[in-house]
Amino acid sequence: MTTDIGSIELPVSLSTRIMPGVVSVPHGWGHHHPGIRLNLARQVAGVSLNDIMSDT
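All residue numbers for the sequence shown refer to this note's numbering, where the first residue is 75 and numbers rise by one.
It is worth saying that the hints were derived from the structure and are not from the lab. From the three backbone atoms N, C-alpha and C, an ideal C-beta is built for every residue, glycine too. There may be inaccurate statements among the hints.
Stated by the list, open to error - Here are the computed distance ranges between Cβ atoms for each label pair:
(1) Ser128 - Ser98: 16 to 24 Å
(2) Met127 - Ile92: 30 to 38 Å
(3) Thr130 - Ser87: 26 to 34 Å
(4) Asn124 - Val86: 25 to 33 Å
(5) Gly109 - Leu88: 31 to 39 Å
(6) Ser98 - Asp78: 15 to 23 Å
(7) Leu88 - Asp129: 25 to 33 Å
(8) Thr130 - Leu88: 26 to 34 Å
(9) Ser98 - Thr130: 22 to 30 Å
(10) Ser89 - Gly109: 16 to 24 Å
(11) Thr130 - Ser81: 14 to 22 Å
(12) Pro85 - Met127: 31 to 39 Å
(13) Thr130 - Thr76: 17 to 25 Å
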């Protein structure tokens, strides 16, 4: 997924359970950032939509 701020990679699956053309992304907290002291969270970090969203 790419925006003008950045991009993230995440797994994709198709479903008839949501409307066509809709993308549903679970919120991840982005525990991959430097300085995160939560060892387990860092091991299964995932991505964060916040990383590719504008503050404005």
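Tested hints:
1. Between Ser128 and Ser98 the CB atoms are about 20 Å apart, so this pair conforms to the stated range of 16 to 24 Å.
2. Between Met127 and Ile92 the C-beta distance comes to about 20 Å, which lies outside the given range of 30 to 38 Å.
3. Between Thr130 and Ser87 the beta carbon distance is about 32 Å. The supplied range of 26 to 34 Å therefore holds.
4. Between Asn124 and Val86 the beta carbon distance is about 20 Å. The supplied range of 25 to 33 Å is therefore violated.
5. At roughly 37 Å, the beta-carbon separation of Gly109 and Leu88 lies within the given 31 to 39 Å, and the hint holds.
6. The given range of 15 to 23 Å is respected by Ser98 and Asp78, whose C-beta atoms sit roughly 21 Å from each other.
7. A beta carbon spacing of about 32 Å between Leu88 and Asp129 agrees with the range 25 to 33 Å that was offered as a hint.
8. Distance hint check: the CB atoms of Thr130 and Leu88 are about 33 Å apart, consistent with the given range 26 to 34 Å.
9. The given range of 22 to 30 Å is respected by Ser98 and Thr130, whose C-beta atoms sit roughly 24 Å from each other.
10. Checked against the hint of 16 to 24 Å, the C-beta distance between Ser89 and Gly109 comes to roughly 36 Å, which is inconsistent with it.
11. For the pair Thr130 and Ser81, the beta carbons lie near 19 Å from each other, so the given range of 14 to 22 Å is met.
12. A C-beta distance of roughly 20 Å is found between Pro85 and Met127, which places it outside the suggested range of 31 to 39 Å.
13. A beta carbon spacing of about 18 Å between Thr130 and Thr76 agrees with the range 17 to 25 Å that was offered as a hint.
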